[in-house]
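With these hints in hand, go ahead and build the complete structure from the sequences.
Same order as they appear, the protein sequences are chains A and B.
Going by our numbering, the letters in the first sequence line up with residues 3 to 419, in that order.
Going by our numbering, the letters in the second sequence line up with residues 3 to 419, in that order.
One should not assume that every hint holds.
As the list claims (entries may be wrong) - In silico SDA-like links for lysine to any residue, alpha-carbon gap of 20 Å or less:
#1 K318/B with G320/A
#2 K318/A with G183/B
#3 K318/B with E332/A
#4 K318/B with H294/A
#5 K318/B with I331/A
#6 K318/A with R291/B
#7 K318/B with I322/A
#8 K318/A with R326/B
#9 K407/B with G183/B
#10 K369/A with V379/A
#11 K318/A with R280/A
Stated by the list, open to error - From chain B, some residues computed to sit far from chain A (all C-beta separations above 10 Å):
#12 A113
#13 E122
#14 E133
#15 R134
#16 P227
#17 D328
#18 G381
#19 L385
Stated by the list, open to error - What follows is a list of derived Cβ distance ranges for each label pair:
#20 L366/A with A307/B: 39 to 45 Å
#21 R280/B with A51/A: 57 to 63 Å
#22 E374/B with R326/A: 55 to 61 Å
FYI, nobody ran anything at the bench for these hints, they're computed from the structure.
As the structure is a prediction and not an experimental result, all values here were calculated from the model.
We treat Cβ as the ideally placed atom computed from N, Cα and C, and that holds for glycine.
Number of protein chains: 2
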Amino acid sequence: VKSEPYTAPVAPLVDDSWDDPPLAEGLSRIALACLVEPGNRELGQLVRARGVQDALDGVLDGRAVTGSLADAVASRLVAADVPLTVLGAHAVASRALETADRLGARIVTPADDEWPRQVEDLALISREDGEREHRNVDPPLCFWVRGAAPLRETLEKSVAVVGSRAVSSYGQHVTREFSFGLARQGWTVVSGGAFGVDATAHRTALGAGAATVAVLACGIERPYPAAHSSLFEQIAEQGLLLTEWPPGAAAYRMRFLTRNRVIAAATRGTIMVEAGTRSGARNTLTYARLLHRPAMVVPGPITSAMSVGCHAELRKPGTILVSRCDQVIEEIGPIGELAALDRGPERAEDALDSTARRLLDAVLPRKAQGAEQLAAVAGVSGLEARRALPMLVAHGFVVVNEAGKYRLAPRPKAPAS
Amino acid sequence: VKSEPYTAPVAPLVDDSWDDPPLAEGLSRIALACLVEPGNRELGQLVRARGVQDALDGVLDGRAVTGSLADAVASRLVAADVPLTVLGAHAVASRALETADRLGARIVTPADDEWPRQVEDLALISREDGEREHRNVDPPLCFWVRGAAPLRETLEKSVAVVGSRAVSSYGQHVTREFSFGLARQGWTVVSGGAFGVDATAHRTALGAGAATVAVLACGIERPYPAAHSSLFEQIAEQGLLLTEWPPGAAAYRMRFLTRNRVIAAATRGTIMVEAGTRSGARNTLTYARLLHRPAMVVPGPITSAMSVGCHAELRKPGTILVSRCDQVIEEIGPIGELAALDRGPERAEDALDSTARRLLDAVLPRKAQGAEQLAAVAGVSGLEARRALPMLVAHGFVVVNEAGKYRLAPRPKAPAS
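Written out as structure tokens, the structure is:
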């Protein structure tokens, strides 16, 4: 896979952006995401201190472009081939919006309801920890997303399942055990879409009828590896594809490391199921630890090279050994309790879109029904039902049985006091 | 195996015991070991507060016999069938000494040079911790020992290797890996002589030409299990058999738990190599933790019932995962450094008996020689050489190669400063 820097497609310019400050801010943010390599701490600090408009100004006139930001900006600005003005940058952004639309994707920014706020915890990773681990630790500026489910809700009860590309049969078994158990209990399995553990985790979650999210290290239109294109299509159907890179960006080694911080930050905890010494999954686990999210590891035989990375991580303080699914849920919290702590049950349902809400009204407490049947009752299409129901499962509203039929989840008891 | 309470053999009484206070104290201590079940905290506190003579008085006239001590004393006093006087108790003790002699064993008390002082750390385990784990946590009063090697030196650089009786082929492999590596680097492998992990640990250490110690939960003359009698003979030849129970005592479940505290206390750290949920090895590991000695566990596949106990222990704070022998040595300390910290190198060699010192003088720094050859040079018997050389290896004076030939160990560098 060779890199192809972002080239803005020819399209009309949005001229009225300055008249609408939130719109302008969104465009500035998307422009920065197109013009600067993700995760840059200097840029993030600039945005947090002076706002996104000022940060874009600073990048465009070169005032703010120092240190690591210079490297992060250099190649992109040249490749983008736009006039170094705010208007030019906004043209890049509005073309990006159109390209996303054409690709069946959308761009989600912090201004959107579906923005997963937990990724902003990445700003809390100290500069020293970040530099030791990897330079690009700052929160994402925006996400390119493919898939019908709302991003925030899908990630709200999510767990990362990561590991090596070269996976043993033991590792595959273990990945399936954990992914299936978590998916069946309403957790969204998040991984990186790679060969080995990642693919097994995604496929198992899909097979369990649950949502799964692949966080990519490249453009949304060309998920890597190409051999997984049908898997990625399935994920976009039943879950979400997610990336910080604009269309055209290719998957590089450094980008995988930058991407890993999002896998750790978007989820309630990370499980490393099998990893050799040099596995990138160890990097994801380190981010989980830096974010004070549970960093969980499945042990294996000490005679297996594929477990060496797991055992090395388990020797570090704060790593949690997990050998059963319930131990994971003990760390990341049972769904009922978390929902009660995070927000009232009313708000949980309010956050659903109208299709999902109509489907939820159609689901019965005791009698399990198929997606087509529920679609008919709710008055939505079969496709809409097949997309929305796994999301309702993922968020604990609905449970699915082995025949793929849905009924209402038992209500969690209100916490005492 | 049925219990047979200690019955003192008919033999002349040592009448002059009162004339020699240290001798009397030794006899009182041995008498208490014969009359009270080991590990009793009440008795230990009595001994530490008022001395062993007073404690024996208190036990004999019933003044001190309250609480758990009453249970610990009751059966034994009746079975011993002696007059409840100090003179009667000393008769029990002197007969025990004669019996030990007849059995080719010796009784070691804190008054002896070869007493392993580290076992007295058991007095530091709090009453609450002790009661939660097991009632009998106090230090041993004395040891019955079989084998030529000096007890203190043999245990000075020792490590416990424990695990389940029902061992998988994986567990056997792992036990061999660790026991061989440790034995070859001069560490004494200590275990409980049981089926499974214990036996594999002892046999591997013997095969590596090193000393190994089996800590028994019964009388020295009838090590349990009987099926291991030839193994126990080999251990007595090349290492040591060790117990707190007088001859005649049978192995009970509760005695194994009491015994386990000695395995943990006598060694610099405990490694649990494979253990199911209910393995007694977990009890040994808990004692190591309570004693602030490294509590090390080897992980295994989560699909194996034989690793469930290991993973449960690894989930407890303070347990150290080990997957390689060098990680164990990192915890318990390389021999050279420990020797330098504990005592000057002169004292180390001074502690050797004359046979060992003559053999050490015969060992060459570069040319490896066989035991018979060294025996001839040193002017000792072949049997003496075969006994003493593994002890010299165990203490890091000498190294043995795969052909079973010995040469001087490289001198550890003196610590800087």
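Verification of the supplied hints:
1. K318/B with G320/A: The given pair, whose Cα atoms are some 11 Å apart, holds under the 20 Å limit.
2. K318/A with G183/B: violated, 23 Å
3. K318/B with E332/A: OK: K318/B and E332/A at ~14 Å, within 20 Å.
4. K318/B with H294/A: This hinted pair holds, its Cα atoms lying about 19 Å apart.
5. K318/B with I331/A: Holds, because 17 Å separates the two Cα atoms, which is no more than 20 Å.
6. K318/A with R291/B: Cα-Cα ~18 Å, so holds.
7. K318/B with I322/A: Roughly 9 Å between the alpha carbons, so the hint for K318/B and I322/A holds.
8. K318/A with R326/B: Cα-Cα ~15 Å, so holds.
9. K407/B with G183/B: holds, 17 Å
10. K369/A with V379/A: holds, 14 Å
11. K318/A with R280/A: Given pair K318/A, R280/A holds - Cα atoms ~16 Å apart, limit 20 Å.
12. A113: The claim holds: A113/B sits with its nearest Cβ about 42 Å from chain A, beyond 10 Å.
13. E122: Fine: 30 Å to the nearest Cβ keeps E122/B off the interface.
14. E133: holds, 28 Å
15. R134: Holds: least Cβ distance 23 Å, greater than 10 Å.
16. P227: Non-interface label stands for P227/B: nearest chain A Cβ at 28 Å, farther than 10 Å.
17. D328: holds, 12 Å
18. G381: holds, 46 Å
19. L385: holds, 39 Å
20. L366/A with A307/B: 39 to 45 Å: holds, 41 Å
21. R280/B with A51/A: 57 to 63 Å: Cβ of R280/B to Cβ of A51/A: about 59 Å, so the range 57 to 63 Å holds.
22. E374/B with R326/A: 55 to 61 Å: holds, 56 Å
Consistency note: the structure conflicts with earlier hint 2 alone.
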